[in-house]
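Enquirer: Listed below, chain by chain, are the residues.
There are 2 protein chains.
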Amino acid sequence: MKEKKTTPITIKDLAKELNLSPSTISRALSDHPKISQATKKLVSDKAEQSGFRLNAIASSFRSKKTKSIGIIAPRIDIDFHSRVISGIEDYAYKSGYHVIIFQSKDSYKMEKEILQNLQNMMVEGMIICLAMETKNFDHLKKLIKTKLPVVFYDRTPETFDTNKITINDFESAFNATEHLIKIGCKNIVHIAGNQSTGIFRARLEGYKAALKSYHLPLRDDHIFVTHSLSYQEGLTCAEKILELNPLPDGVFCANDYTAASVVKVLNKRKINVPEQVAIVGFSDYPIAQIIEPSLTTINDRAVQMGEAAAKMLIQHIQDQDFDIIDHQVITLKTELIVRESSTRKA
Amino acid sequence: MKEKKTTPITIKDLAKELNLSPSTISRALSDHPKISQATKKLVSDKAEQSGFRLNAIASSFRSKKTKSIGIIAPRIDIDFHSRVISGIEDYAYKSGYHVIIFQSKDSYKMEKEILQNLQNMMVEGMIICLAMETKNFDHLKKLIKTKLPVVFYDRTPETFDTNKITINDFESAFNATEHLIKIGCKNIVHIAGNQSTGIFRARLEGYKAALKSYHLPLRDDHIFVTHSLSYQEGLTCAEKILELNPLPDGVFCANDYTAASVVKVLNKRKINVPEQVAIVGFSDYPIAQIIEPSLTTINDRAVQMGEAAAKMLIQHIQDQDFDIIDHQVITLKTELIVRESSTRKA
DNA sequence: TTTTGTTAGGCAAATGTTTGCATTAATTAA
DNA sequence: TTAATTAATGCAAACATTTGCCTAACAAAA
Numbered sequence: 001m002k003e004k005k006t007t008p009i010t011i012k013d014l015a016k017e018l019n020l021s022p023s024t025i026s027r028a029l030s031d032h033p034k035i036s037q038a039t040k041k042l043v044s045d046k047a048e049q050s051g052f053r054l055n056a057i058a059s060s061f062r063s064k065k066t067k068s069i070g071i072i073a074p075r076i077d078i079d080f081h082s083r084v085i086s087g088i089e090d091y092a093y094k095s096g097y098h099v100i101i102f103q104s105k106d107s108y109k110m111e112k113e114i115l116q117n118l119q120n121m122m123v124e125g126m127i128i129c130l131a132m133e134t135k136n137f138d139h140l141k142k143l144i145k146t147k148l149p150v151v152f153y154d155r156t157p158e159t160f161d162t163n164k165i166t167i168n169d170f171e172s173a174f175n176a177t178e179h180l181i182k183i184g185c186k187n188i189v190h191i192a193g194n195q196s197t198g199i200f201r202a203r204l205e206g207y208k209a210a211l212k213s214y215h216l217p218l219r220d221d222h223i224f225v226t227h228s229l230s231y232q233e234g235l236t237c238a239e240k241i242l243e244l245n246p247l248p249d250g251v252f253c254a255n256d257y258t259a260a261s262v263v264k265v266l267n268k269r270k271i272n273v274p275e276q277v278a279i280v281g282f283s284d285y286p287i288a289q290i291i292e293p294s295l296t297t298i299n300d301r302a303v304q305m306g307e308a309a310a311k312m313l314i315q316h317i318q319d320q321d322f323d324i325i326d327h328q329v330i331t332l333k334t335e336l337i338v339r340e341s342s343t344r345k346a
Numbered sequence: 001m002k003e004k005k006t007t008p009i010t011i012k013d014l015a016k017e018l019n020l021s022p023s024t025i026s027r028a029l030s031d032h033p034k035i036s037q038a039t040k041k042l043v044s045d046k047a048e049q050s051g052f053r054l055n056a057i058a059s060s061f062r063s064k065k066t067k068s069i070g071i072i073a074p075r076i077d078i079d080f081h082s083r084v085i086s087g088i089e090d091y092a093y094k095s096g097y098h099v100i101i102f103q104s105k106d107s108y109k110m111e112k113e114i115l116q117n118l119q120n121m122m123v124e125g126m127i128i129c130l131a132m133e134t135k136n137f138d139h140l141k142k143l144i145k146t147k148l149p150v151v152f153y154d155r156t157p158e159t160f161d162t163n164k165i166t167i168n169d170f171e172s173a174f175n176a177t178e179h180l181i182k183i184g185c186k187n188i189v190h191i192a193g194n195q196s197t198g199i200f201r202a203r204l205e206g207y208k209a210a211l212k213s214y215h216l217p218l219r220d221d222h223i224f225v226t227h228s229l230s231y232q233e234g235l236t237c238a239e240k241i242l243e244l245n246p247l248p249d250g251v252f253c254a255n256d257y258t259a260a261s262v263v264k265v266l267n268k269r270k271i272n273v274p275e276q277v278a279i280v281g282f283s284d285y286p287i288a289q290i291i292e293p294s295l296t297t298i299n300d301r302a303v304q305m306g307e308a309a310a311k312m313l314i315q316h317i318q319d320q321d322f323d324i325i326d327h328q329v330i331t332l333k334t335e336l337i338v339r340e341s342s343t344r345k346a
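In order, the protein sequences belong to chains A and B.
Be aware that the first sequence starts at 1, since it is given in the UniProt record's numbering, and climbs by one per residue.
Be aware that the second sequence starts at 1, since it is given in the UniProt record's numbering, and climbs by one per residue.
Simulated from the structure, these hints should not be mistaken for laboratory data.
In this text, all values refer to a predicted model and were calculated from it rather than measured experimentally.
Treat the hints with care, since some could be wrong.
[Claimed, not checked] The list that follows gives simulated cross-link-like pairs (lysine-lysine, DSS-like), each with its CA atoms no further than 30 angstroms apart:
hint: 1; chain 1: A; residue 1: 34; chain 2: A; residue 2: 12
hint: 2; chain 1: A; residue 1: 112; chain 2: B; residue 2: 67
hint: 3; chain 1: B; residue 1: 142; chain 2: A; residue 2: 67
hint: 4; chain 1: A; residue 1: 94; chain 2: B; residue 2: 105
hint: 5; chain 1: A; residue 1: 186; chain 2: A; residue 2: 147
hint: 6; chain 1: B; residue 1: 94; chain 2: A; residue 2: 105
hint: 7; chain 1: A; residue 1: 67; chain 2: B; residue 2: 268
hint: 8; chain 1: A; residue 1: 270; chain 2: B; residue 2: 268
hint: 9; chain 1: B; residue 1: 34; chain 2: B; residue 2: 65
hint: 10; chain 1: B; residue 1: 268; chain 2: A; residue 2: 268
hint: 11; chain 1: A; residue 1: 65; chain 2: B; residue 2: 142
hint: 12; chain 1: B; residue 1: 141; chain 2: A; residue 2: 12
hint: 13; chain 1: A; residue 1: 333; chain 2: A; residue 2: 208
hint: 14; chain 1: A; residue 1: 145; chain 2: B; residue 2: 94
hint: 15; chain 1: A; residue 1: 186; chain 2: A; residue 2: 333
hint: 16; chain 1: B; residue 1: 64; chain 2: A; residue 2: 12
All chains, full assembly: derive it from the sequences and hints.
Expert: Printed below as a string of structure tokens:
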């Protein structure tokens, strides 16, 4: 029953068959300039015809180039991350790299463990979004000291300088809040994300700054801090918002899940969105277009963020000129997408 | 400016320092029974203290075990796939494997190309969801002939037998339709997926079978076949449904995006869901809970599908007993989740 | 004492490719 | 004709680890 494992054809086999040396085969296969066109054709034809495949492991072993990059994301079944990763994979594939993906599940322990694995695997670079639990950055600093190219996205280290791709969360939040003010809101609530994470602090600050700059009062009971901006937490916040007196006339949420929850609860209570309460979310998740009324939100450029991260990383891997760069920070433009939830009749 | 590249510590270095042979170090590190506890401790302490890391590439090269599995999905920024992949990664990680991910973008050409790459990389197994374009299965048959363990999920080959994990699309669709019938619908429309794909054909058949088994007439103009079940296509279908005379009293959609579109359009036209038209979707995407009214749908077990695929694959990789198995098919139970869009007042 | 067995570890080959350097053949300049 | 140059290819080492087989040392059995 047991079939004999067919041993794969190697470069040596080809060499023997063609009466050439292994080195010539190797060079012909990688289009080396010192090999004649005739020989190259000979080799590639033979390779094709005999079903030869280059052993990538042996090749990596010898050349020290694995053509692989590691990704650590908190999880991949979240719209934002799956889009970033899609962008990374796209760009990487076009550049001849492949991606190895791990989920930290927002655990510090996992993050450290994965980092170890990835280094053993000799990836040529890494793209990382920090786990929420991560407060100690020693493992990351140590990693960077090894000179392995690393790029962080979205949730990035704050206590030291490194390569990052982010959006301007402060400004985006400012714009979102300003938009509410401009359509006439005077009493604006914010549903905030976990304050141990920089981007959510920045969004809160942006909200505050907008109020301040328009001389609107800042009320503590207008800020609702959640743990993970989940749909569930959004529902609870919405209930609490309804108890506020007077009822706010605008809500800026740090993501679209919570914003959608608020819309839903207000709809149920027959409170008109946007006339009575206008709502702005963050991230432009698919639901933003689908819910009724459709949701004004911030396009957070997830796919582009992935592409930019991959591009930056691969430049650092390949380009000599980048050796001189200590670290690089790219901030992507965001865009306020105005939809029904903040469009009041004139 | 250029820092000297610190050469990594190898097994040989450890051997020299401890006056042991490389083979002993290797065995100690992998907990070989023939090495004494004392030596193991010595070695692992020294390894720890000196920052040694085992070169996984060299190890793979020699042992022919890469501990990696390849995934080919149409895309990863779609809820269903990102959840499946999350399930795969989870299970694989626990079992000591890592995953390399590629997106075929539903292109046949890409699929073939990726397959080549993956084989060169010497992954120990592959998990594949077919590209929509793929009609010719030669590349896959050839792959399977190499004895490399492969598991397909969701969109699986139909012209030959192989390892698969699917749900019972026919039965799920039957149940969904039956549910509509049982709440009193007599005039049910189906929004179908691309009919070149087996699972969408099966869903259509399930719909038809349910009508038949309840002696309801089957009308051609009640079936709307879409290209990719997108939100946009859902909107167009919904408009066409409104032109039907009489207006249908139930809609079964092959996914939640189109279902959400229909809900949205009907809401806009002030047609009451579920009283006038009841709606059932498929897949239990996050939006299903968020839209108003919330959507009755089929839980398609995406995460479990990923876990099951990884489990099956890893068994085939590791377990001698599986050599005797030619192919294996697992069909997961689905679940009808009844929500507001099909709950009529008694 | 000799034989047998056991335990812990060493030797050296093997893995498939790449690459610096050497070599050969062919061409050109002198 | 010969030296110098160029083009095309070969040689052999190197990469870090694993593994089949061998051996030394010691203990137990005969």
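Enquirer: Quick one, are residue 65 of chain A and residue 142 of chain B close enough, alpha carbons at most 30 angstroms?
Expert: holds, 29 angstroms
Enquirer: Can you confirm whether the C-alpha distance between residue 145 of chain A and residue 94 of chain B stays at or below 30 angstroms?
Expert: Satisfied, since the Cα-Cα distance of roughly 29 angstroms is no more than 30 angstroms.
Enquirer: Would you check the hint for residue 94 of chain B and residue 105 of chain A, treating anything up to 30 angstroms between C-alpha atoms as holding?
Expert: Holds: residue 94 of chain B and residue 105 of chain A sit about 13 angstroms apart, inside 30 angstroms.
Enquirer: Given the hint that residue 34 of chain B pairs with residue 65 of chain B, does the C-alpha gap stay at or below 30 angstroms?
Expert: holds, 22 angstroms
Enquirer: Hint check: residue 94 of chain A vs residue 105 of chain B, CA-CA at most 30 angstroms. Holds or violated?
Expert: Since the Cα atoms of residue 94 of chain A and residue 105 of chain B sit roughly 13 angstroms apart, the hinted pair holds (cutoff 30 angstroms).
Enquirer: Between residue 64 of chain B and residue 12 of chain A, does the CA-CA distance stay at or below 30 angstroms?
Expert: Between residue 64 of chain B and residue 12 of chain A the Cα gap is close to 18 angstroms, so the pair holds against 30 angstroms.
Enquirer: Does residue 67 of chain B lie within 30 angstroms of residue 112 of chain A when you go C-alpha to C-alpha?
Expert: holds, 19 angstroms
Enquirer: Taking 30 angstroms as the top limit, are the C-alpha atoms of residue 333 of chain A and residue 208 of chain A close enough?
Expert: holds, 21 angstroms
Enquirer: With the threshold set at 30 angstroms, check whether the alpha-carbon distance from residue 34 of chain A to residue 12 of chain A stays at or below it.
Expert: holds, 20 angstroms
Enquirer: Compare the distance between the alpha carbons of residue 142 of chain B and residue 67 of chain A with 30 angstroms, and conclude whether the hinted pair is satisfied.
Expert: Holds, because 26 angstroms separates the two Cα atoms, which is no more than 30 angstroms.
Enquirer: Hint check: residue 186 of chain A vs residue 333 of chain A, CA-CA at most 30 angstroms. Holds or violated?
Expert: holds, 27 angstroms
Enquirer: For residue 141 of chain B and residue 12 of chain A, compute the direct alpha-carbon distance and say whether it is at most 30 angstroms.
Expert: holds, 28 angstroms
Hint check: violations occur at hints 5 and 7; the rest are consistent with the structure.
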